[in-house]
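K.L.:
With the hints as extra help, turn the sequences into a complete structure.
Take a look at the letters that make up each chain.
There are 2 protein chains.
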Amino acid sequence: MKKRSFQFSSKTVQYYFDASFDLLEKIAGKERAVLVTDEHVFAAHKKKFKGWNTIVLKPGEAFKVQQTVDVLIDQLIDMGADRKTILVGVGGGVITDITGYVAGIYMRGIDFGFVPTSLLAMVDASNGGKNGIDVGVYKNMVGLIRQPSFLLYDYSLLSSLPLAEWQNGFAEIIKHACIKDAAMFKLLQEQSLPKFRKDKQLLAQLVERNVLIKTKVVLNDEFEQGERKLLNFGHTLGHAIENMYELSHGQAISIGMTYAAIISQQLKGFKEADAVMALLSRYGLPTLAEFDKKKAFKVLQKDKKKDSVSIHYILLEKTGKGVVQPLLFVQLEEIFKQF
Amino acid sequence: MKKRSFQFSSKTVQYYFDASFDLLEKIAGKERAVLVTDEHVFAAHKKKFKGWNTIVLKPGEAFKVQQTVDVLIDQLIDMGADRKTILVGVGGGVITDITGYVAGIYMRGIDFGFVPTSLLAMVDASNGGKNGIDVGVYKNMVGLIRQPSFLLYDYSLLSSLPLAEWQNGFAEIIKHACIKDAAMFKLLQEQSLPKFRKDKQLLAQLVERNVLIKTKVVLNDEFEQGERKLLNFGHTLGHAIENMYELSHGQAISIGMTYAAIISQQLKGFKEADAVMALLSRYGLPTLAEFDKKKAFKVLQKDKKKDSVSIHYILLEKTGKGVVQPLLFVQLEEIFKQF
Chain A
260 MKKRSFQFSS
270 KTVQYYFDAS
280 FDLLEKIAGK
290 ERAVLVTDEH
300 VFAAHKKKFK
310 GWNTIVLKPG
320 EAFKVQQTVD
330 VLIDQLIDMG
340 ADRKTILVGV
350 GGGVITDITG
360 YVAGIYMRGI
370 DFGFVPTSLL
380 AMVDASNGGK
390 NGIDVGVYKN
400 MVGLIRQPSF
410 LLYDYSLLSS
420 LPLAEWQNGF
430 AEIIKHACIK
440 DAAMFKLLQE
450 QSLPKFRKDK
460 QLLAQLVERN
470 VLIKTKVVLN
480 DEFEQGERKL
490 LNFGHTLGHA
500 IENMYELSHG
510 QAISIGMTYA
520 AIISQQLKGF
530 KEADAVMALL
540 SRYGLPTLAE
550 FDKKKAFKVL
560 QKDKKKDSVS
570 IHYILLEKTG
580 KGVVQPLLFV
590 QLEEIFKQF
Chain B
260 MKKRSFQFSS
270 KTVQYYFDAS
280 FDLLEKIAGK
290 ERAVLVTDEH
300 VFAAHKKKFK
310 GWNTIVLKPG
320 EAFKVQQTVD
330 VLIDQLIDMG
340 ADRKTILVGV
350 GGGVITDITG
360 YVAGIYMRGI
370 DFGFVPTSLL
380 AMVDASNGGK
390 NGIDVGVYKN
400 MVGLIRQPSF
410 LLYDYSLLSS
420 LPLAEWQNGF
430 AEIIKHACIK
440 DAAMFKLLQE
450 QSLPKFRKDK
460 QLLAQLVERN
470 VLIKTKVVLN
480 DEFEQGERKL
490 LNFGHTLGHA
500 IENMYELSHG
510 QAISIGMTYA
520 AIISQQLKGF
530 KEADAVMALL
540 SRYGLPTLAE
550 FDKKKAFKVL
560 QKDKKKDSVS
570 IHYILLEKTG
580 KGVVQPLLFV
590 QLEEIFKQF
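Chains A and B are the protein sequences, given in the same order. For the first sequence, the working numbering assigns the number 260 to the initial residue and increments by one for each residue that follows. For the second sequence, the working numbering assigns the number 260 to the initial residue and increments by one for each residue that follows.
A portion of the hints provided could be inaccurate.
Taking lysine-lysine pairs in the BS3-like style, the calculated list, with each CA pair at most 30 angstroms apart, reads [what the hints assert, rightly or not]: (1) A/475 / B/530; (2) A/289 / A/262; (3) B/577 / A/561; (4) B/289 / A/596; (5) B/577 / B/317; (6) B/289 / A/488; (7) A/261 / A/454; (8) A/262 / A/475; (9) A/343 / A/445; (10) A/557 / A/488; (11) A/552 / B/285; (12) A/561 / B/343; (13) A/343 / B/270; (14) A/454 / A/262; (15) A/475 / B/270; (16) B/459 / B/530; (17) B/561 / A/270.
A partial selection of chain A residues facing chain B, derived with a Cβ cut-off under 8 angstroms [unchecked claim]: (18) 305; (19) 342; (20) 563.
Since the hints were derived computationally from the structure, they do not count as laboratory data. Every value quoted in this text rests on a predicted model; they were computed, and no experiment measured them. Glycine included, each C-beta is placed from N, C-alpha and C at the ideal position.
P.N.:
So, in structure tokens, the structure goes:
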């Protein structure tokens, strides 16, 4: 186990890398903790939850909505949860998003931490403090930026993960490579998904590398005034089509990254769009895709990163160097028409 | 108009005392502002809302619930509200609470300010950054602590206020006197509600004095680790019975203050419980009352200020000096039985 601390604006976050789930008892304590998980994670790791106060939610992005928040809050009241309670989200990104959000609003804010159980949650969703829920087709329309007290990374939890979930995680890993880390882009080109699944050492290094990339960006710009926007690479179009077509998050942003790479080619002289697409394919992710451009454009106009006439689109100057590019909607509409 | 700035943990709040509603155009701007109000306030001040984007909610504490939040968020999405939008709550405490809460969670937080239109909202609810909604019988069970950008006090808005609303406001004013300001307690004993309603100058001084009492307490302890708890004087029992009996907030905390004064007599040797009751009566507020002690005690056990065995009760050592007193539930139950 390797412990590291990072100081955010109003909270120090403890990262326990390469740790065991059992460590949770020392960190949170069975008395004051309430674990929040979903049916899949609970079924796959039933023994681990023994003796813990646990709330089990329905699994999947479709339940990342207010109704689930209502259910969770009612259960917390019934359990007598108070301001000394610590909520621990044990699950993928949906669980960590909902748990962090509810911890932020229950009794005007209680303590919380995460045990991410999916690759995507480990490298992305669980760290950085963003949480929230979807409203209709609009992803994360409601939420907070509020840091957890701790993150516990137990890589053995990944052993029950289906292939599609591994691909999901690699979409965010490739994103990090594209915007920040050309050397990791190369590493990913040389390695493969089956190799990472087999080689625990290689995987542990990869997870930690990605957590640190994201953490560094967030430390520089916790409330997304500048650099943090880069993490939205692939997410603008991605979010627009994710709920429209019931794509997984990884699939959606993979398509989003593909088109962002093509736009980068046109506007920034980016030369490696083909390499980006090849890498996404190598990890089982979709690239070019048919979608209703008019409808996607309409959803995109409600994106959080926009104002009335323009949107911040994340483009690539070169592999490993993302940039924030303000684009007028009229301009973007023209570009969309070509696809 | 008198402008003052106060620096909270992560925000400077501008207070515009004795200002005119028209100033709002300079502060917020009609382009980026969305006003949130209720049917009563809208009907009473229709002309003022002309030319402003306005969302009109149903009035009353019964609507300080998640369903209203859902409606408000859907309307903001429909209006195309984005991260540059500023929400302005124009109304009483219910409106400022909901507006502040929605501003805190919409798109993970947008700007907001308040124009309080009731005496209670002016002296209490609108300042200090606490916001939230009720869950079932539990008051403010969900919410945030997040400061507005500005507070605009236009005393002319109070002219349409019914008597019951004046009494509501005086309940919080008497609370401030009890816990912090013996001189104001004396002033209130000498003056009367009709006098404050008539004398604009006297009223303006009283509002400002109360805003500054509360602001000072909040500045010392924004996240309620210590001194801010004093502001809950009368609110522990008050909140428990408020939704149980559909009392106004002022009535509920007036009864709460009465019993807290009696407990103070027993545990702290407080000598002026009679004077507290007399002052509450002078301002048309109820004191001793019949209520279901068992049920109230049960609701109280879910209060935000409690842990599993005890609760922080606010008592008085003398007039103008409140103290935080941890009380065991078993102890409190015995005390309740005597009432």
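K.L.:
Compare the structure with each hint and give your call.
P.N.:
Here's how the hints hold up against the structure:
1. A/475 / B/530: violated (59 angstroms)
2. A/289 / A/262: Holds, because 21 angstroms separates the two Cα atoms, which is no more than 30 angstroms.
3. B/577 / A/561: violated (56 angstroms)
4. B/289 / A/596: Violated, because 34 angstroms separates the two Cα atoms, which is more than 30 angstroms.
5. B/577 / B/317: violated (41 angstroms)
6. B/289 / A/488: holds (28 angstroms)
7. A/261 / A/454: The given pair, whose Cα atoms are some 23 angstroms apart, holds under the 30 angstroms limit.
8. A/262 / A/475: holds (16 angstroms)
9. A/343 / A/445: violated (46 angstroms)
10. A/557 / A/488: holds (21 angstroms)
11. A/552 / B/285: With Cα atoms ~40 angstroms apart, residue 552 of chain A and residue 285 of chain B exceed 30 angstroms; violated.
12. A/561 / B/343: holds (13 angstroms)
13. A/343 / B/270: Satisfied, since the Cα-Cα distance of roughly 26 angstroms is no more than 30 angstroms.
14. A/454 / A/262: holds (26 angstroms)
15. A/475 / B/270: holds (24 angstroms)
16. B/459 / B/530: violated (34 angstroms)
17. B/561 / A/270: holds (27 angstroms)
18. 305: Residue 305 of chain A check fails; min Cβ-Cβ to chain B is 27 angstroms, beyond 8 angstroms.
19. 342: Residue 342 of chain A check passes; min Cβ-Cβ to chain B is 6 angstroms, inside 8 angstroms.
20. 563: Result: holds, 5 angstroms to nearest chain B Cβ.
Consistency with the previously given hints fails for numbers 1, 3, 4, 5, 9, 11, 16, 18, ordered from lowest to highest.
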